[in-house]
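Enquirer: Each chain is listed here by its residues.
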Amino acid sequence: MAFLNSMPSAVTQGIIWGIMAIGVYLTFKILDVADLTVDGSFATGGAVLVVMVTSGQNLYLAMFCAFLAGCLAGLATGIFHTKFGIPAILAGILTQLSLYSINLRIQSDMANIPLSYMKYKYPITLRNITPSMIICAVIAVCLIAILYWFFGTELGHSLRVTGSNQSMARANGINTDTNKIIGIVLSNGIVALSGGILSQYQGFCDVNMGRGAIVIGLAAVIIGDVIFGKIFQNFALKLLATVFGGVIYYIVITVVLNLGMKANDLKLFSALVVAVFLAIPYWRAKIRQRFHKPQNANVSQEKKEAAENA
Amino acid sequence: MLEVKGLYKTFNAGSVNEKKALNGVDLTLNNGDFVTVIGGNGAGKSTLLNMIAGVYPVDSGSISIDGTDVTKLSEHKRAKYLGRVFQDPMMGTAADMWLEENLAVANRRGKFRGFGWSISSGERKQFKEMLAKLDLGLENRLTTKVGLLSGGQRQAVTLLMAVMNNPKLLLLDEHTAALDPKTAANVLALSDRFIEEGNLTALMVTHNMRDAIAHGNRLIMMNEGRIILDVRGEDKKKLTVEELLEEFAKLSGSEFANDRALLAN
Ligand SMILES: Nc1ncnc2c1ncn2[C@@H]1O[C@H](COP(=O)(O)OP(=O)(O)OP(=O)(O)O)[C@@H](O)[C@H]1O
Ligand SMILES: [Mg+2]
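These protein sequence lines are chains A and B, in that order. When we follow our numbering, the leftmost residue of the first sequence carries the number 13, and every step to the right adds one. When we follow our numbering, the leftmost residue of the second sequence carries the number 68, and every step to the right adds one.
If you are wondering where the hints come from, they were derived from the structure by calculation, not from laboratory data. Virtual Cβ for every residue (Gly too), placed ideally from N, Cα, C. Keep in mind that a hint or two might mislead.
Taking CB as the label site, the calculated pair distances span [unchecked claim]:
no. : chain 1 : residue 1 : chain 2 : residue 2 : range
1   : A       : Pro-293   : B       : Val-122   : 24 to 34 Å
2   : B       : Glu-206   : A       : Gly-241   : 26 to 36 Å
3   : B       : Asp-247   : A       : Leu-278   : 46 to 56 Å
4   : A       : Met-130   : B       : Arg-191   : 56 to 66 Å
5   : A       : Pro-99    : B       : Lys-178   : 24 to 34 Å
6   : B       : Leu-215   : A       : Val-150   : 35 to 45 Å
7   : A       : Trp-295   : B       : Lys-200   : 35 to 45 Å
8   : A       : Thr-66    : B       : Leu-215   : 52 to 62 Å
9   : A       : Trp-161   : B       : Pro-248   : 43 to 53 Å
10  : B       : Val-122   : A       : Phe-96    : 12 to 22 Å
11  : B       : Glu-206   : A       : Asn-17    : 51 to 61 Å
If we strip away everything but chain A, and leave its shape as in the complex, we get:
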């Protein structure tokens, strides 16, 4: 019964992390880069929101600023990657590491800061789970609508091309560096926004709240893709699948915790789940290869034969 009681909270947290996973989707699926900045920018979003609200600023302004702070973090990674020539993963790690210091500065060297519900009466909170769930769902849907519009524009389209085929993108006049920066900026803005939402929901921010965020984000993206990939072809539906992925992930976590898994083992469990789900397409392709010859083999084969004849 405890298990059923914890479902609404699991779903709400799933939606919040699902919003975060939409950010991960932009980099991982659309730009085809694994951006580890998110572990830092998620906490940055939480820090900015809590510090602003506790210093008397408007909540909605604070959420917007959390988004902007995430954008700045993304900008740093984007510049490290495209202008400094640092591989995307390492660029993300560098920003993530520096964000740890920056987040502590934002939080005035406190590891965590409570956000009193009694005092600030913000709308998304553990204390009112059902309305919180609805608000989070509305935010997710609005975000998906905006992104659906954006990726239907010429600019959004050129971002997709950048992720799909860089040579082709440049040959057709697309500035792939700028596009990568835009994508990483947008992604981290969304991630920080969801960090801000989570800090409201749980009633505090914490410098470590983003640890492993990339893994949870990937889990949501991959679970959404594996389960709904076949039926959800439309871009908006794919983003929705990602949010569903986040919800499913949290439901599974709640179930295994109820089955007696130690909370400290969660990260190990999450990492293994992601590893297995990432491997599925690879294994599938391998099995397929055993039965069919790869298509491109004939080109190199031809070359080899020619060399032998010569």
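We have chain A already, so just place chain B with the ligands on it with the hints.
Expert: The following block gives chain B with the ligands in isolation, referenced to the frame of chain A:
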């Protein structure tokens, strides 16, 4: 239309892998020139085309297209002057995007990309007409992912994209080399047609000497990063493969060696 002066390019300079790919290339193309390019493995043919397209920066020399010095322009900024088809059919199109999306990307080459819609309904009609010209039945597959098309179809689509909005210069780098003979012949015929219809200026690298002779109005031969032979007009029409091989041996002091050419002839 194209003016290349004193072009040099060395890869991995100063290391054990140092490779002088271009060794002083001078080349002027007139409006409407269709030049075929032949040469052995590693002669610098692809490098020449890549340098014109801005894939790598030049060591020294200059490149101008239609009177504009593009030597320092980045690859994406030069794209508005160029249409390009690569040897690898995978390289010219975005596999996980729809056919119409790929065409729309090419249709915006050299234009500002803002918040306008990525494809208009007028464009869709136009794309259908263009695809019908390919005679591959693609006009009814606008929303097929390009990755699902065959190599030949993809190469035909890339060609169509390359000639959209009449580029100043068309660069074809062994664009039929990865195709089976029949498909290769089709794509080549298509290239001929587009170049003629659009009165385009083109550089076409090929490993097939017969093709190099049969197509275009001018032929250049490269060896060790230099242009060693430049034949045009009536002289070119009269060329034979034997003469070319002989000429190559005389000018370079070695046998013509190109693995794909051996296979083709
Ligand atoms: N990006 C690169 N980095 C290092 N070396 C390169 C690069 N591109 C080309 N080269 C070298 O430059 C030389 C010229 O190569 P290029 O590809 O231009 O030859 P090609 O005439 O197109 O030959 P092929 O007929 O084999 O296509 C070769 O020795 C090649 O190994
Ligand atoms: Mg080549």
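Enquirer: Confirm or reject each hint.
Expert: A quick look at each hint next to the structure:
| no. | hint | in the structure |
| --- | --- | --- |
| 1 | A/Pro-293 x B/Val-122: 24 to 34 Å | holds (31 Å) |
| 2 | B/Glu-206 x A/Gly-241: 26 to 36 Å | holds (29 Å) |
| 3 | B/Asp-247 x A/Leu-278: 46 to 56 Å | holds (54 Å) |
| 4 | A/Met-130 x B/Arg-191: 56 to 66 Å | holds (58 Å) |
| 5 | A/Pro-99 x B/Lys-178: 24 to 34 Å | holds (32 Å) |
| 6 | B/Leu-215 x A/Val-150: 35 to 45 Å | holds (37 Å) |
| 7 | A/Trp-295 x B/Lys-200: 35 to 45 Å | holds (43 Å) |
| 8 | A/Thr-66 x B/Leu-215: 52 to 62 Å | holds (54 Å) |
| 9 | A/Trp-161 x B/Pro-248: 43 to 53 Å | holds (47 Å) |
| 10 | B/Val-122 x A/Phe-96: 12 to 22 Å | holds (21 Å) |
| 11 | B/Glu-206 x A/Asn-17: 51 to 61 Å | holds (58 Å) |
Going through the hint list in order, the structure satisfies each hint without exception.
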